[in-house]
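Chemist: These are the residues of each chain, in order.
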Amino acid sequence: MAAALLEVHGLVKRFGGFTALNRVTLHVKEGERFGLIGPNGSGKTTLINCVSGSLRPDDGRIVFAGRDITALPAHRRTRLGIARSFQIPKPFRSMTVQENLDIPLEYAGHARSRDAGAEAAEILRMIGLAAKAQVRPAGLTQIEMRKLELARAMAARPKLLISDEAMAGLSSAEVDDILTILFRLNGEGITIIMIEHIMRAVMRFSERIVVLDAGERIAEGTPEEIVRNPAVEKAYLGE
Amino acid sequence: MRTTGGALLVGVAVVTASVVLALLKVNPYLYFAGYVILQYILIATAWNILGGYAGYVNFGTPAFFAMGAYTAIALIKLGYPALPVLIVAGGLVAALLGLAIGYLTLRLRGTFFSIATLALSVVLQTMIMNWEFVGGSRGLSVLRPRGAPFGNYVVFLFTVMTLLAVAGVLVARFIERSWIGRGLAALRDNEEAAECMGVPTLRLKLFATTISGFLLGVAGAPFPYYVTFVEPNSAFALDYAVNALAMPMIGGTTSWVGPVVGAVLLGSASQVAIVTISSEMNLFIVGVVLVAFVVLAPEGILGLVRRLRGR
Chain R
96 MAAALLEVHG LVKRFGGFTA LNRVTLHVKE GERFGLIGPN GSGKTTLINC
146 VSGSLRPDDG RIVFAGRDIT ALPAHRRTRL GIARSFQIPK PFRSMTVQEN
196 LDIPLEYAGH ARSRDAGAEA AEILRMIGLA AKAQVRPAGL TQIEMRKLEL
246 ARAMAARPKL LISDEAMAGL SSAEVDDILT ILFRLNGEGI TIIMIEHIMR
296 AVMRFSERIV VLDAGERIAE GTPEEIVRNP AVEKAYLGE
Chain D
632 MRTTGGALLV GVAVVTASVV LALLKVNPYL YFAGYVILQY ILIATAWNIL
682 GGYAGYVNFG TPAFFAMGAY TAIALIKLGY PALPVLIVAG GLVAALLGLA
732 IGYLTLRLRG TFFSIATLAL SVVLQTMIMN WEFVGGSRGL SVLRPRGAPF
782 GNYVVFLFTV MTLLAVAGVL VARFIERSWI GRGLAALRDN EEAAECMGVP
832 TLRLKLFATT ISGFLLGVAG APFPYYVTFV EPNSAFALDY AVNALAMPMI
882 GGTTSWVGPV VGAVLLGSAS QVAIVTISSE MNLFIVGVVL VAFVVLAPEG
932 ILGLVRRLRG R
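Top line first, the protein sequences correspond to chains R and D.
With the working numbering, letter number 153 in the first sequence gets 248, and the count goes up by one each step, no holes.
With the working numbering, letter number 197 in the second sequence gets 828, and the count goes up by one each step, no holes.
Just chain R, same shape as in the assembly (with noise of 0.2 Å):
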């Protein structure tokens, strides 16, 4: 298990003057449980824009599952594996849950229109929004919210989840259960990389960290390591 799924040579990303990202590299290996973090504006949804494809980096490599992946559009990414849910949820509004499954069952997760309604139907079993269907996105509370996005990125079959921030503003609770769904996920051999503020959940869910700040990296390694590593201190709590 030891082989990178993501590898990430010298990303640069500028928008205008801001260099948003300055030459990041880092890796993730397959089935690994790996923490992105770093304080508000260190430049860590521009880094997975980029791993995406919903941004297209100025510098610097993205090679996936031994593929250069750095100039395919996003749906092709999405289609070799790369899934992610949405800071802000962004669900299809207009379709009711079980259909906002279905668009990336029908054109990432290669099911067929048959089955794809048992798939949707599982993986929302799972999720836990089996009972909200038929509903549509207007009708879910913020937790409810959530989840649909990780059950839609679910839907694309990854081979590597991106959760982005799929815990703020959450109670304890549901915090706990959203990491639960993580966990089992993880368990079944999808590789994660969780970016989250909520640093209990990050240190608990993590193998391995690392620190962005203002689009450098500062550190890395295991949570207990990040814990006491001073440049980290720094960057969250100043000098």
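If you are wondering where the hints come from, they were derived from the structure by calculation, not from laboratory data.
Errors might be hidden in some of the hints.
[Claimed, not checked] On the chain D side, residues computed to face chain R include the following (Cβ under 10 Å):
no.	residue
1	E807
2	W810
3	R819
4	M828
5	R834
6	T885
[To be verified] Each computed SDA-like pair below joins lysine to any residue, with the alpha-carbon atoms no more than 20 Å apart:
no.	chain 1	residue 1	chain 2	residue 2
7	R	K185	D	G741
8	R	K185	D	D820
9	R	K185	D	G782
10	R	K124	R	H104
11	R	K185	D	N821
12	R	K185	D	E822
13	R	K185	D	P831
14	R	K254	R	R303
15	R	K185	D	R740
16	R	K185	D	V903
17	R	K254	R	G136
18	R	K329	R	G136
[Said to hold, decoys possible] Quick list of the computed label-pair ranges, beta carbon to beta carbon:
no.	chain 1	residue 1	chain 2	residue 2	range
19	D	R937	R	A166	27 to 33 Å
20	R	V107	D	L727	36 to 42 Å
21	D	G741	R	V230	24 to 30 Å
22	D	A731	R	M240	36 to 42 Å
Using N, Cα and C, we set each Cβ at its ideal position, and we do this for glycine too.
Got chain R sorted already, so can you dock chain D onto it with the hints?
Modeler: Below, chain D alone, put in the same frame as chain R:
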């Protein structure tokens, strides 16, 4: 009408009915007005593939319609007056224009896309006005081919437009129910999420703009033979931009039924208004009805029906 076979059957029945109606030789005005309504069914249906399914509001309908009409005029002048040739060629030229518009969606979304399509219409009209070969700003008279079926060319055009409208509606219905329609709905709801869920958004948008453009061009190609005198102001009329948008909005944009219902209602209403009140009143009526629907029933008549059924 649940199955494709059923829809095809209904389509054949409608076309047959129009041929029977053509043979009956009723009041000639009915064919004349019927043609306009059928033309609007095709225009509204074509517009809705891009505006309703994909959510890209096109204000440049006149540009596509006029591309069809002026391609026909150019071909007639070049000595290729056969109607099927004009229809296919007019559709293809407008489809190319649609493809070009499709690439605009890479950079422009929402209102900005709409403004760009409006500008496109103005630019093309100016170009046509300065192209003497097709009549320039003075316009051009067109001679209809002789020996029309049913003994009258307008009656013949009425049946042709029925066939085209039925074909257009069937195409829209097929797209809506296929994986393409589901992908378009996803990108209409949220383009970034759709792309990240494996939907090839650019390819689907290009498909939608091209097929929408094609059908709008098809609607415009028989226009020279229908009016026999074409000038830029009639081919690029504001009516097409407003009606193409108002009809689906009033009927309901999420299903192929919406544009048909909207075009029949609004098309008939404005034909009645033209005869009984004045030709200027019809745009006024369209405007008032559109405002009323946007405020009171934003999901159109289909949305109203669904709400009444309690779904």
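Chemist: For every hint, state whether the structure bears it out.
Modeler: Cross-check of the supplied hints:
1. With 10 Å as the threshold, the beta carbon of E807 of chain D stays out of range of chain R, its nearest partner Cβ sitting at about 13 Å, so the hint is violated.
2. Given hint, W810 of chain D at the interface with chain R, holds; its Cβ is 6 Å from that chain's nearest Cβ, closer than 10 Å.
3. Interface hint at R819 of chain D: satisfied, since its Cβ lies 7 Å from the closest Cβ of chain R, which is below the 10 Å cut-off.
4. Taken as an interface hint, M828 of chain D checks out: its beta carbon lies about 4 Å from the nearest beta carbon of chain R, inside 10 Å.
5. Because the smallest distance between the Cβ of R834 of chain D and any Cβ of chain R comes to about 9 Å, under 10 Å, the interface hint for this residue holds.
6. At a threshold of 10 Å, the smallest CB-CB gap from T885 of chain D to chain R is about 7 Å, leaving the interface hint in force.
7. For the hint linking K185 of chain R to G741 of chain D, the alpha-carbon distance of about 17 Å falls within 20 Å, and the restraint holds.
8. A C-alpha spacing of about 9 Å is found between K185 of chain R and D820 of chain D, which places the hinted pair at or below 20 Å, so the restraint holds.
9. Of the pairs offered as hints, the one joining K185 of chain R and G782 of chain D is violated, with about 59 Å between alpha carbons and a cut-off of 20 Å exceeded.
10. Between K124 of chain R and H104 of chain R, the direct Cα distance comes to roughly 14 Å. Compliance with the 20 Å bound is thereby established for this hinted pair.
11. Only pairs whose Cα atoms come within 20 Å are accepted, and K185 of chain R paired with N821 of chain D is accepted, the gap being roughly 7 Å.
12. Between K185 of chain R and E822 of chain D, the direct Cα distance comes to roughly 9 Å. Compliance with the 20 Å bound is thereby established for this hinted pair.
13. Simply put, K185 of chain R and P831 of chain D have alpha-carbon atoms about 17 Å apart, close enough for the 20 Å limit, and the pair holds.
14. Our distance criterion of 20 Å between C-alpha atoms is met by K254 of chain R and R303 of chain R, whose separation comes to about 18 Å.
15. A distance of roughly 17 Å separates the Cα atoms of K185 of chain R and R740 of chain D; the hinted pair therefore holds under the 20 Å criterion.
16. For the proposed pair K185 of chain R and V903 of chain D, the alpha carbon gap of about 45 Å is over 20 Å, so the pair is violated.
17. Our distance criterion of 20 Å between C-alpha atoms is broken by K254 of chain R and G136 of chain R, whose separation comes to about 28 Å.
18. Note on K329 of chain R and G136 of chain R: the hinted pairing holds, with a Cα-Cα distance of about 15 Å set against a maximum of 20 Å.
19. Evaluation of the 27 to 33 Å hint for R937 of chain D and A166 of chain R yields a failure: the beta carbon distance comes to about 44 Å.
20. Under the hint 36 to 42 Å, the C-beta atoms of V107 of chain R and L727 of chain D, about 38 Å apart, fit the expected range.
21. At roughly 27 Å, the beta-carbon separation of G741 of chain D and V230 of chain R lies within the given 24 to 30 Å, and the hint holds.
22. Between A731 of chain D and M240 of chain R the CB atoms are about 38 Å apart, so this pair conforms to the stated range of 36 to 42 Å.
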